[in-house]
Every structure is written in structure tokens, then in C-alpha cells.
Amino acid sequence: MITARLLQGGGALRWTLLVVGLVVALALPWFVYPPIATDMIAWALFAVALDLLLGYTGLLSFGHAAFWGSSAYATGLVAIHTGMPFYVAVLAGALVAAALAVPIAYLSVRRTGIYFAMVTLAFAQLIYFVANQWRSVTGGENGLQGIPRNLFGLDLSDGFYFYYAALPVILLGLFAAWRIVHSPFGRVIIAIRENPARARALGYSVDRYKILVFVLSAFLAGVAGGVYAIGHGFASLQEVYWTTSGKVVVMTVLGGMGTLWGAVVGAGIIVQLEDYLATAGIDANGIVTGAIFAITVLLFRKGIWGTVAQLLGRRRRDDRDAEPGPVRPATTTEEHADAR
Amino acid sequence: MSKMRKLGALVTSFAVGGTLAACGAGGPGEAGGAITDDKIVLGVITDLSGVYSELAGENAVEAVRMAVEDFQAKHGDDAVTDTIEVISADHQNQPEIANTKAREMYDREGADAIFDVPTSSAALAVAGVAEQNQKLFFDIGAGTTELTGAQCNPYTYHYGYDTYMLAQGTGTTVTEQGSENWYIIYPDYAFGQDMNKSFVNAVEGAGGTVVQSDATPFPNDNFSTFMTKAPGLDPKPDVLGTMQAGGDLVNVVKQYNEFGLREKGIDLAVGLMFETDIASIGVEPLAGTLFTTAWFWNLDDRSREWADKFKERTGSRPTFDHAANYSAATQYLEAVQRAETDDADAVNEELNGLEFDDFFARNATLREGDHNLEHDSYLVEVKQPDEVEEDFDFTKLVETIPAAEAFMPVEDSGCEMG
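If you read the protein sequences in the order shown, they are chains W and E. Counting the first sequence from 1 gives a position; this note's numbering is that position plus 43. Counting the second sequence from 1 gives a position; this note's numbering is that position plus 7.
Next up, chain E with everything else stripped away, as it sits in the complex:
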């Protein structure tokens, strides 16, 4: 009898608790001024433990914290709110975890915007949550053009780079500089296939020829078939373009050197590379390699100034992912400041079509049509070992690709903002 009563009480308390929780959650974005809960919460979902934890990871969270501190220092008492929190989660490169964490951040922890999210599938999953919850999401770490293409939405911005921009930069510029014949190898999955397609378009658009492009198994240790094949192709390629990433890239570079292709007059161009990759492969085997990047810390004084502050704090130099996280968080906070509210739609009005210029994004526009950040990108070359002055000082500028040419034209993106 008393057991039953206790059970009854328990059930009632659950019911009451549930109702209260449901009330507390509230509806999304009551427009018209004010900051919800009188604070701004920035969420960073990134890879804190896996393969991307070096190039993004904890330092990406730190970059967002830096942006918050600089914003507070700049605005002082005039800031729209005194409390700005940064929360983070490790998605372990699993889209399910990214998706659940994003939901939790928006719903429960009051996050106003989410940043970073490397890994394409995870980024797309978070973009879906952002659209559903009508909260902002700035993807930085993932490269898929789908984010600003078929799966674009009004609450998602792609901030920094994508596969098109990488291919455009390297493919077009290298071809225009006279290396007209390309041999491309790419890993046989979505990223590699996209990169290959973009590279072929870029090279041919610039008047070059892709002599051949070969899909390689993924993952793969042995690229010797492709290395022995390269010099024998007709016409002999001027450049070997590799779209491999991570461990596969290491193998390609090693074997490119073992087979002495550079001596045979075939240069190496890499689709996507970060300073952290160069650090693990080593400067010597990569010296002279061309690739496109969204930014590098040794670009100029403005960049170096920020990179120095970053190093003071974290002990290492930033990758472009870190810089982009800082830049995106800063632009978001400034937009909130101007809108005087953290309501996503009001902030979105400030951001949509925004033209700005900061140490990371030069001549930048947050395009209205597809929410891609258009900004200058850079074709760079890996330095010779004797040119390297300090750790992470790996690259030198070959050519700046103007913002207007660096990214896919809005009309081609296939994005229809709902």
C-alpha cells in the first residue's frame, strides 16, 4: 500500500518535473531586442581527441575564447552583455554525436551559435539542427561544398574554405604559370571525387590538360603503380596533383620522393594540406610543393601579430582553422552588438551580405546567395629546409587569389535559401 503511494508520488513528481522542463525550454527566438538569459553562449563542436585535434581541436576552442576576450576588451561597459560563455564538445568525428551535441547546445545550454565542426558528415548533420532550431552555425573545419550547395540553409555559414576553392586556387594558378599537363590521383570517396572534379574543371578552364586522373583505393599504403606510371604518360605531365589527405598523403609524398619524380620534371601539388601535416611529414620531402590555403600565419604583419598572441597563449602557431574560428566568433559578436540582440534572425540580417576585412578574411563578403564566406585565398609553396626560421614557418606566398575568383560563383552553387 505505502509502496503504491510512493510510486504514485514518484510518477507525479516526474510529470511535474517534465512539465516544468518543457516550460523552461521556451520557444525559439522571441524577436525584438534583449539577450536571452542575459548572456551569449558560443558553442564549439570539434574533434578534441582524434585525427583533426591538432589542426582544429582544443586550440580552436581557445581561439573562440580569445575572440570573446578581445570583444569584451574592445567594448567594455558598452558591450551588449557582460556574460559571454564558451562551451565545447568533442564529436569524436562521429556525425551522430555532433548532431546530438548541437541539439543539446541549442536547446539546453542556450547556445546562440556553434562553430568549427570538422568532418563533412558531421558538419552537414549540425547544419540540419541549426536550420531546425533556427540558430546560427558557422562551419569552419569541414570542406564540403554541399553546405553552401544543395543542403544550404539560412542559418548556416561556411566560413573559410571548401573543396572548390582549394582546387580553383591550385589548379588554375599552377596551370596559368605554365604547368599545363596534369596527372591527378585521388582517394575514391566523396571528398576525393569532388576534389578531382573541381581540379579537372579548374585546370581545363585555365587552358591546361588533365592527361589522366586515377582513383586510388582508400586507405592505401602503396602508390607505386601510380608513381611508375606518371613519367610514362603521353604527354608527360608537368604536375602530379594528389588529393590524398592524412596518412595517405604521407605515403604519396614519401613515394613521390622515392621514385624521384621531381628530378624527372614532375612537380607535386597537394589538394588540401595544413601546417600540422607538414610538421608530421617534414619540410624536406615536401619542399617546393604547391597548395592552396585560406590563410597562413606568416602572411603579413597583421597575421603575425595575431599569431604571436595565439602562440603566447597556446604555445603553438595557429592553423587557418584556428584563425577562422577567431574571425567567425568576432564577426558574430560584432553582429550581435550591432543588432543589440542575440535573436538569430536579427543577427542574421546583420551578417547576411556583410562586407568586412580582418586579419584572417581579406576583402571578405558573407554572400547572401549561399552563405559562403568569400575572401582572398593563397597559393603557397612549402619552403626549402634552410629557409625555415622557426617551427611552423613552413610556407611562402606564391600568389594571392582575389576573393572574387577564389570561390564558386553563387549562381553555380545550386543553393536555394528556404
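Isolated chain W (complex conformation):
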């Protein structure tokens, strides 16, 4: 992946990207309507969490709304009933999501491919029905309304200030994802994605690694869901519905799987698009989003960021090739690294 290349390649590009990313994150609510900006960063972390599974471990979870949603409800309930700062509520929500992920992961990782996707979808639907039926707690289809934004008595009712209150949580989550990917643990899950049999032969307990990365992913999805619920002031059934699981998969694939940056880009695009289409007067937003997705998948197999990264990488390589020096090995290994 790009990050891998950046690690071995020049530090300059990596740092530039990081700085640009931070500047964009800090400046976002000045370009974009602040509540939308908050949605963007929450979905970005959610997509990154999914990318840990989809892009790095090669497991397509089609039920991640279960974790985003259960955390949204749990965060809301903690915020409403305890009045604690929203950071605590979000942490509590994420822990609930992670706890929920343990049995789900334990049962799901026994299958791979389409079966894994279906099993996770089934569990998510289970959570959906619980949320729908458990009206006294979740409010059924009316949703859990009136979630406060508590933070040591600060007035966060303006979305602009709330964005800056929420941003550190999201950045922490993104950093955690980056650390996970660039740790020895991250190497192992990539190895598992590439060749599970070989990973097992090398002595790694494949299932246990999968469960762990699943739970970590659910935790990060929970952080994102909690921030989202606080940002909107309510949690609804939409949060646990299967379309939410689908949306986050679309974001990740659109941006580029296995890149972290791609998930962020994908989330930004989809959220912005959805917002734009709501007032654009086109009564076919599904068709527009769907068409963009189909075109991206057909023309840019690696997603938007994957393609950009590839172009950036090629330019750097051209520069290097122009310099006199040892001939680099054939590009096949490079290509291989790209796909990651």
C-alpha cells in the first residue's frame, strides 16, 4: 500500500501527505457545513475500521452496522442517563460494540468469503430486530432522541465547535488503526489475507488473529458510531440497518481497499454526495451514487485513492529511474505491494 511504500521510500511524501491531511481535517468545517464535516470524519473512521477487516485481513463484513449502531445507542443511553462528558459516553459505546463483537467474531471467522459476509449480515439483522423491539430502551422506530453533548459544561450546541471537540477522538481512532496496520500484528493479518494456510503453517493461530482484528475493528466502528450519535443528538434504527453496513463497504471500496487513506477519501465523497443530492432536486440519488460506484469499480480497480497512490508512486519511480544508480529489480514486487 501507499503507506508501506512511503515507509521504505522518501519520508518527505509521507510527511507532506500527513500534514496535508491534518490541515484538511482542521480546516474542514470552514469549507463544509460543520455538521456534515462531523459526519464525514465519523464515517471516515467507520470506513477505516472496516478497512482493517476488508482491506487488510481480507474479510468482507456485511454487518458492521451492528457495531456502529449498538455503540450509537449505548453512547446515547450513557450520555442521557449519566450526563458524563461525551468522551466517556463514546468510550462506553465502543466497549459495548467490542464486547458484542467477541461472540459474533468467534462464530463468524469459522467461515470465509461470501459465507462470512452472510453470517455477519445475519448477526447484524439480529441486532436490528433487538433494537426495533426493545422499545423501552431504544425507542423503536422513533429512535433514541435527545442525546446531549456534555463536555464539562462547555456549550457545544454549535456544530462548528462540536467538530473540534470530536476531531481528537476520531484522530486517535485513525492513529490506532495506523498503528495496528504497521505493527507486527498488522504484518500477520496481511499474511493471513495473502495465504492463510501458510500463516497457519508458520505457527500463527489464524482464527485468533481474525477474532482480534474483528474486535478491534468493531471497537473503532463503535467510536465512530458514538461520535455520530452525539453529533446528531439521536440514534435511530437507520444506524443498525443493513443499508448502513452497505454504505460503509461502498465507501471503503470506492476510496480503495487496504489503504486507510482510501477509506477516508471514500467516506468524504459519499457523505458529501448524499448531502448534495438531498437538495439537488434529482429524485434519483441511489442511481447517481450507484453509477459513480460502478464506474469507479470498473475503471479504477484500486479505488480512487489506490489509483492516485499508484500514479504518485509511478512518478517517484520515474524520477528515480532517471538517476544513475543500481538497476532496481523488476516491478512485479512493487505491483504486488501496491495491491496491498
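Check before you lean on any hint, since a few could be wrong.
[To be verified] Now the stretches of chain W that chain E is said to cover, found in silico as 3 or more residues with beta-carbon under 8 Å: (1) 72 to 85; (2) 126 to 137; (3) 183 to 189; (4) 272 to 278; (5) 315 to 322.
To be clear, the hints were calculated from the coordinates, so they are not data collected in a lab. Note that CB positions come from ideal geometry on N, CA and C, so glycine has one too.
Keeping the supplied structure of chain W fixed, place chain E upon it in accordance with the hints.
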């Protein structure tokens, strides 16, 4: 070096831009006369692309535009402002989008009031934003009694119908007309559960008996279990009350006919139905079905007159949602005219407790206690196919339910205005 300077300039310009934007936003409602920005902005948040786009949708926006034009024609140069804008957004039935769009309309686009918002969760989410921003919100499309109950607030009005009124109308009136034994089926989620509870109360309050009420899975294709069970119940029910909506309702009606329950002496009563539902199911399978509505276009000359204008403009007949949007926008604009300002609190004083009568809302009161619009509602019957004279001419009046009896008494609403 120069890069750094450019970056610095960029950051500074962001900072300046941000400060300016923050100043421009201003505080909510400086009281005391005048129209902010010298214009009134009406926002319509509705479903422009999904399941409710027929019964609400683009035509609801059009109804609000009609209200604006009629208001301008009526007041001419005396109108409180020359500029009245109508803006709209598609919430795609997602509460998150409704919530963000409502915020954006109030904060950025200067909306003074928001209308429609079908889907209960979306309506409740917008009500929260209205309270926070201290701007008015007229919910029309959603039916939950929560809006005027535990989650009521001083800036939200519920305009048109709610689950209590639907149950009250059908349950009480049908029972009083002699169909005393009921069998109720309802989809097992909040709307269905509320409807069931309200129906049971209404039927029993009128001296009838609910022989049994069954929750059905949601969504569901196969209702045969309930259809075969119905005639065997003891005592045999006179009416099958179905609280299903949308696709499920279509299935219930089909299977009610397939099992020949009407021939077995069991009538059909539907909890919530719109003309658009009848159009998609067909008049024949529904003929004779009873339901309660907030209004229907063929009610009388006043209604028909408006419905004709509406048809001229949109090419179709209005549902009660469309009529209620027009009525709510008109009452709001008139209140602004009287208050001579668009300040929400001043307009609210004009609206709170307002008694009026228009083509949609008869003997109407915007109740102070819970901000529910109390008005006459109608128990109607689906016509026989040979009685239908034109498209959308589907219903005939059985009984008018007086305003005072149609809606939940304020004391029972559980609303405490903050």
C-alpha cells in the same frame, strides 16, 4: 520558504473566513419587529424519492408554493414582505439527513419554519433541532403521538393527524355503529404497537370487545394464519382491523379477499390509508373498507375548489398531506402578517391557541397545551368500483368526527411545554 508563506496566508484566510461566517450567522431571533433579511423562507423537508414521495413528496412542496402565491395575491402590497422563498430537501426517510438538513435550513438558509417531514424518527429529530434553534416546525407527514407527548416542545406543532386520531375515529365510530367484536392484527414495531393500543382503548371505550389482537412479523408476505383464524374466534369478530401499511397492507387486503372474509360477515377496517394506497391496491378489493382520514378532496365544495386548483397545477388530486401543508403554510404566513415579524416567539404567540377554520382544518384549534392541531376528522368508506367517477375519487363520507372528540385530550398527552 515561499511555500511556508503561502501556507500561512492560507491558514490566515481560513481563520478570517471562519470568523466572518460565524459573525454572519448571528444569534437566534432578535425580537421586536422586522423580517430577518427582509424575506421569509419556508423549508419543506420531505421524501422526494422513496416510499412516501407519492403521498407527500414534490407535491407537498408544490402545496406550500401555492400557499405562498395565494398569500401574496391576497395581501399584495400590504404583505409583511415581498420576498417569500420556498426551499426543499429530500430526507430519503433517514432521520440523520432530516436532522442535518433542518439544521442547515435554520442556520444557513434562513428558514423561518419547516414543514411536512414524514417518518416518525425523522420528525422527532427535526423537532429537536427546532427546539434548539428556537424556530418553528410544523410536522404533517409523521403520525407519532410522541411529537405532542413526552417529546413535545414550544416550537413544534403537529398538524393534521396522529395515531390516536386514526384509532379513535375508526375504532369508536365503527363500534358504535354496531360492529362490536374486533380482531386486530398489527405489525410488530412502534407504529403498529401504538395503533393497536389506541384501537383497543377506543373499541373498549365505545363498549365493544377486542376478541384478540395479534402482532404480525414485519415485513410479512403471508397473513394466511391470521385469515384462517379470524372466522373461528369466539365470539366471531364483526371487523378485522389491520394496522399494516404500505406493502404489507396490500398483502393483507389481497388475502382478506382470497379467504372471502367479507362473505363470512367480517368487515375490514384499516388503520392508516391514503388515496395513493387505494390507487395502488385498486378500488375493487378495498370496496367497503373503513378508515379515518384527516381530510379528503371530495369532501365538499370548499375542498373540491382547492383540489381543482391543485390538479390544474400538479396534474393529480391532493392527499390530506398536501392539503395540510398548504393549510399550515397559510396559517403560518397569516400569523407572521399579524405579528409583523418573523421572530419565532412573536409568531408563536399568534399561533398558540389559535382558533380558525379553513378548507382543510374545520373547527380547528392549535392547542396551547400540546401544540396538536385539533380539527374535524372523517370516517370514510372506500367506494364501490361503479361509484368511482374519476381517478382518486375513492372515498365517501360515513361520519364526521367532531374536533373535540377526534384527538387525544390535552391532559392525557403527557406533554409538558418547557
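Hints, one by one, checked against the model:
1. 72 to 85: holds (count 6)
2. 126 to 137: violated (count 0)
3. 183 to 189: holds (count 6)
4. 272 to 278: Since 3 is at least three, the answer is holds.
5. 315 to 322: With 5 residues close enough to chain E, the hint holds.
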